[in-house]
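Listed in order, the protein sequences are those of chains C and Z.
Counting from 1, position 35 in the first sequence corresponds to residue 35 in the working numbering; the numbering is continuous, with no gaps.
Counting from 1, position 66 in the second sequence corresponds to residue 66 in the working numbering; the numbering is continuous, with no gaps.
I should point out that these hints are in silico values taken from the structure, not numbers from a laboratory.
From the three backbone atoms N, C-alpha and C, an ideal C-beta is built for every residue, glycine too.
Just to be clear, a hint being listed does not mean it is correct.
[Said to hold, decoys possible] One-sided and incomplete, this derived list gives chain C residues near chain Z with beta-carbon spacing under 7 Å:
id : residue
1  : Ala3
2  : Val51
3  : Ile80
4  : Gln106
[What the hints assert, rightly or not] Partial list, derived from the structure: chain Z residues whose beta carbon lies under 10 Å from chain C:
id : residue
5  : Arg16
6  : Arg17
7  : Pro134
8  : Thr138
9  : Ala172
10 : Glu210
11 : Met214
[What the hints assert, rightly or not] Over 10 Å on every C-beta distance to chain Z, these chain C residues come out as not near it, computed from the model:
id : residue
12 : Asp123
13 : Asp154
14 : Ala167
15 : Ile170
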Amino acid sequence: MQALYIASTGMMAQETNVEVISNNIANMRTAGFKKQRAEFQDLLYQNLRRVGAETSEQGTILPSGVQIGSGVMTAATPRIMSQGSIQPTDKELDMAISGDGFFQIQLPDGGTAYTRAGTFERDATGTLVTADGFTVEPGITIPENARGLAIGVDGTVTAVLGTGGAATTIGQVQLARFINQSGLQAIGDNLFMETASSGAPVTGNPGDEGFGSVRQGYIELANVNSVTEISDLIAAQRAYEMNARVVRAADEMLSNTSQMMR
Amino acid sequence: MMNAQLVGLSREVALRRELDVIANNLANMNTTGFQAERVAFEDYLMPRAEASAFQHRDHDVAFVQDWATYRDTQPGAREMTGNELDVALSPGGYLTVETPQGIRYTRDGALQIDDQGQLVTHSGHPVISLGGTPILFTPADADITITGNGQITTNAGGRGTLQLVSFPSEQALEKIGANLFAAPEVADPDPSVRLTQGVLETSNVQPVREMSRMVEVQRAYEMQSNMMRQSDQMRQEAIRLLGRLS
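Isolated chain Z (complex conformation):
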């Protein structure tokens, strides 16, 4: 009798998590290089609550659980900014960033130069070159050009090549916030990754999709709570009728 309530509860928990994911996607609608997340559910069979020795065996009870959030790796829209330190990467490509916690990867190509002349992300982490060293500029450098394969030149000569990488499985990357990803292992440079200077990749969140999914989640939740209320009433009724002592 309680099963309906408990299955309903598992569904409600899953729906709440899904709303959290949708809210995070919508909150990051304007975050450069952000990739939307989706939730995958799977059923979880109540393992051994069955009594198969009876003539008519029990029904299996299946609970729902959120099994994975996976990233939508489609490229976002390209926004022309004209800023010489903005780069947009081809799908699947990442910039390599050095952080105090180790090597991290990002698709956010809004780069800056810090007081030391290093090329950094806007959190101040150096973006590293093919040789694994930071890219340094001098105050006399002007007219920065970044070619499609990441080679950086200024009017005073070459300044190194950005280390562009790709991964066999993008889903294995872990988001750690601040537009950064941690990888299970260090990635090798991939010459097939291209970039465009003066362009930023906007997030690939599709508002229509998120909004309609949100409405769906909300209604499913409503339905679920109605169902739980009804099964509760049913139980009340049963207690009232069956429990009567005459």
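Chain C extracted, bound-state conformation:
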């Protein structure tokens, strides 16, 4: 009775689907979060009568055969890298990227991670860091006497230093982009790591060809759409239920068989 196992692959796939959806919903208010989507594939087929097999010596062939599938598997959970909506926060170190690109973050172990969450702070030495205290690359140090900090759409950081009224450039925000953004690996804390499938990062200034621009005083919200997530959740739950029903049907058929001869 293959149906039992086929239905169980269906239940497993829907379980993964619900996990992905619940993670999306849980991160609905996470700055810079990109939603995931579960993609499914059918499994191998068993050819009981192969399509195109000869049915007579005159060369007539079967127009369609008997193929029994063996269920479903989760093929991938790619991230949908669409733009999230941008919300004003009035915080001078908050930055949102409008368009493609990631901020580069130096991890404590020396590696580089990438993020879309521009909720930055300054640490005790004036260095621009993430909410977790990791340095933003290339390093930007804001002097103690800086006033009127401004970040241009091209990523230039300027401030008025000392007593004069003229603004001085004190740093430059750079972005990185990837040929296959969906291939980045999420490591939690809103951070992504480069992988073999994402390709190598290409860095540039905001506003360059192909790079997005930076908005000071805004953050990018998650690109999760609550309506589609909830309707996906309903569909996944019902699909799970129906697969469970197939398991019960197969079970009852087996029990009929075992009761046949008493």
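Fit chain Z to the known structure of chain C by using the hints.
Same frame as chain C, now just chain Z:
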């Protein structure tokens, strides 16, 4: 006397296969571009077990066998995803995919770009263009637009046209898993196939239909096994009455 049992057995085997098909349809309810399967049965006349020389000839005994599974090729529902690499194809249309085993076809339009910048399916097989070459993007490409006839452009210019094909007989395609189909012969591009960007085709499995079919299969199986039990009892009875030695 055994015929009733054997005919019943053939029916039970066929019903089990049908349940397998239903289970596979329901398992793939959320698989993009999946097309539901149906089972067709035919009778199989017991060829030469008849004794036609008698005055009253034997009854023909007909067994049941599953003759074909065929695909329901109706289009599935269209789901708006807004993702620029998602495409939904018009009914009968297929994308051409290059796999290590050769050219394959798919209706699953959830495409991706790999580390080489190639347009691939989510199993990593390149989707090929009209010229038979993979479609390549550079890191500077943004704003990918795919027109209705499969032409791909980005802000940096044209990137080729997707090879969209159709088949004279869709049933002749063989499912090989991973949302791919193998065709008996290489298909020619068909300009009448259209696609829509930012939309995915969901599977065309109709849960109501599958569930009611499942109930039907289950009850038919139950009835069949009851019948087999009864014919078994009948035989027991016959052995008991006729086989009595007095």
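Hint check results:
1. Ala3: holds, 4 Å
2. Val51: It holds, given that the least Cβ distance between valine 51 of chain C and chain Z is near 5 Å, below 7 Å.
3. Ile80: holds, 5 Å
4. Gln106: violated, 22 Å
5. Arg16: holds, 6 Å
6. Arg17: Where the cut-off is 10 Å and the nearest Cβ of chain C is about 6 Å from arginine 17 of chain Z, the hint holds.
7. Pro134: Violated - the Cβ of proline 134 of chain Z stays beyond 10 Å from chain C, reaching only about 14 Å at its closest.
8. Thr138: Holds. Min distance 7 Å.
9. Ala172: holds, 6 Å
10. Glu210: Holds. Min distance 7 Å.
11. Met214: Since chain C brings a Cβ to about 5 Å from methionine 214 of chain Z, closer than 10 Å, the hint holds.
12. Asp123: holds, 32 Å
13. Asp154: About 17 Å separates aspartate 154 of chain C from the closest Cβ of chain Z, which puts it past 10 Å; holds.
14. Ala167: About 31 Å separates alanine 167 of chain C from the closest Cβ of chain Z, which puts it past 10 Å; holds.
15. Ile170: Nearest chain Z Cβ is 29 Å from isoleucine 170 of chain C, so the label holds.
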